[in-house]
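Student: This is what each chain is made of:
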Amino acid sequence: AQSVTQPDIHITVSEGASLELRCNYSYGATPYLFWYVQSPGQGLQLLLKYFSGDTLVQGIKGFEAEFKRSQSSFNLRKPSVHWSDAAEYFCAVGVSRGGAQKLVFGQGTRLTINP
Amino acid sequence: NAGVTQTPKFQVLKTGQSMTLQCAQDMNHNSMYWYRQDPGMGLRLIYYSASEGTTDKGEVPNGYNVSRLNKREFSLRLESAAPSQTSVYFCASSSHGSPSTDTQYFGPGTRLTVL
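These protein sequence lines are chains A and B, in that order.
So for the first sequence, our numbering puts the first residue at 39; every next one is plus one.
So for the second sequence, our numbering puts the first residue at 63; every next one is plus one.
Please keep in mind that the hints were generated in silico from the structure rather than gathered at the bench.
Source: prediction; values computed, not measured.
Each hint should be verified, as a subset may be incorrect.
Taking lysine-lysine and the DSSO-like style, the derived pairs with C-alpha atoms no more than 30 Å apart in a straight line are [stated by the list, open to error]:
hint : chain 1 : residue 1 : chain 2 : residue 2
1    : B       : K133      : A       : K87
2    : A       : K87       : A       : K99
3    : A       : K87       : B       : K71
4    : A       : K106      : A       : K87
5    : A       : K99       : B       : K71
6    : B       : K133      : B       : K119
7    : B       : K119      : A       : K87
8    : B       : K119      : B       : K76
9    : B       : K71       : B       : K119
10   : B       : K71       : B       : K133
Residues on chain B that point at chain A, a partial pick, calculated with CB under 7 Å [what the hints assert, rightly or not]:
hint : residue
11   : S93
12   : G102
13   : G104
14   : L105
15   : L107
16   : Y110
17   : A112
18   : S156
19   : D164
20   : T165
21   : F168
22   : G169
23   : P170
All C-beta atoms in this analysis are idealised placements derived from N, C-alpha and C, irrespective of residue type, glycine included.
Let the hints inform the model, and build the full structure from the sequences given.
Tutor: The structure is reproduced here in structure tokens:
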């Protein structure tokens, strides 16, 4: 069965520092991969997604992610974080079933930004 | 254009009580989903509806029922609430159901406490 692991429950970085959030997946076929962000008390917003082609994917808010099939990873990066990036980040793998797109989420990584 | 709306935002129930969580989308999407979010577990799919008139179980369907009332609305019912159903519930919708061309849009969530 498909699964997603985010090894880091909580990460703290300083404002202006670079960021990398880790995501590993388990899926038998070519995966569709997503990163979502959740601000406190809010719903989820899509940052970026990978489904084929270029393994480096650009998203909103200056984020990017790199798909590495050999490592079963889809890590999220940002060169310089801003205080407004403090949120919880979820990696997910998409599975098509019966015309719907089922998302399997990782446990989430909470990002804290130090001023 | 409100996107995905959910009512209520907050609810407190006693064990054994019933309630229905409402979800509506105004994006003319075909597919709709219900997830629950628990600390340290990410989001887990409860039920989904690939199109109007169809519903299917997700990862954690026990204790829940759903109704796809029409293309816009998808409700989640707890017939006899249990403390284990204390969670934040998110509704989502997507247009085509294929991850390669599609995105799930999430509502703001309903925070449910069962005493």
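Student: Now, for every hint given, state plainly whether the structure supports it.
Tutor: Verification of the supplied hints:
With a C-alpha separation of about 26 Å, the suggested pair K133 of chain B and K87 of chain A falls inside the 30 Å cut-off, and the hint holds. Taken as a hint, the K87 of chain A and K99 of chain A pair is honoured in the structure, with Cα atoms around 14 Å apart against an allowance of 30 Å. With a C-alpha separation of about 29 Å, the suggested pair K87 of chain A and K71 of chain B falls inside the 30 Å cut-off, and the hint holds. This hinted pair checks out: K106 of chain A and K87 of chain A have alpha carbons roughly 14 Å apart, not beyond 30 Å.
At most 30 Å may separate the alpha-carbon atoms for a hinted pair to count; K99 of chain A and K71 of chain B meet this at roughly 28 Å. Between K133 of chain B and K119 of chain B, the direct Cα distance comes to roughly 18 Å. Compliance with the 30 Å bound is thereby established for this hinted pair. Restraint check: the Cα-Cα separation between K119 of chain B and K87 of chain A comes to about 25 Å, which is no more than 30 Å; the hinted pair holds. For the given pair, K119 of chain B sits about 25 Å from K76 of chain B by alpha-carbon distance, which is consistent with the 30 Å threshold.
A threshold of 30 Å between alpha carbons decides the hint, and for K71 of chain B with K119 of chain B the separation of about 24 Å falls inside it, so the pair holds. The straight-line distance between the Cα atoms of K71 of chain B and K133 of chain B is roughly 22 Å, inside the 30 Å bound, and the hint therefore holds. With its C-beta approaching chain A no nearer than about 5 Å, S93 of chain B sits inside the 7 Å limit, and its interface hint holds. Checking G102 of chain B against chain A: minimum C-beta separation of about 6 Å stays under 7 Å; hint holds.
Interface hint status for G104 of chain B: upheld, as the beta-carbon distance to the closest one in chain A is roughly 4 Å, under 7 Å. The interface hint given for L105 of chain B is met, as the beta carbon of that residue sits about 5 Å from the closest beta carbon of chain A, less than 7 Å. Hint status for L107 of chain B: holds, given a least beta-carbon distance of 6 Å to chain A, under 7 Å. For Y110 of chain B, the suggested interface contact is upheld, since its CB lies about 5 Å from the closest CB of chain A, less than 7 Å.
The interface hint given for A112 of chain B holds, since its Cβ lies 4 Å from the closest Cβ of chain A, which is under the 7 Å cut-off. Taking 7 Å as the C-beta contact cut-off toward chain A, the hint placing S156 of chain B at the interface holds, the least distance being around 6 Å. With its C-beta approaching chain A no nearer than about 6 Å, D164 of chain B sits inside the 7 Å limit, and its interface hint holds. Of the supplied interface hints, the one on T165 of chain B holds, with its beta-carbon coming within about 5 Å of a beta-carbon of chain A, less than 7 Å.
Because the closest C-beta pair between F168 of chain B and chain A is about 4 Å apart, less than 7 Å, the hint holds. Taken as an interface hint, G169 of chain B checks out: its beta carbon lies about 5 Å from the nearest beta carbon of chain A, inside 7 Å. The beta carbon of P170 of chain B is positioned within 7 Å of a beta carbon in chain A (closest approach about 5 Å), and the interface hint is therefore held.
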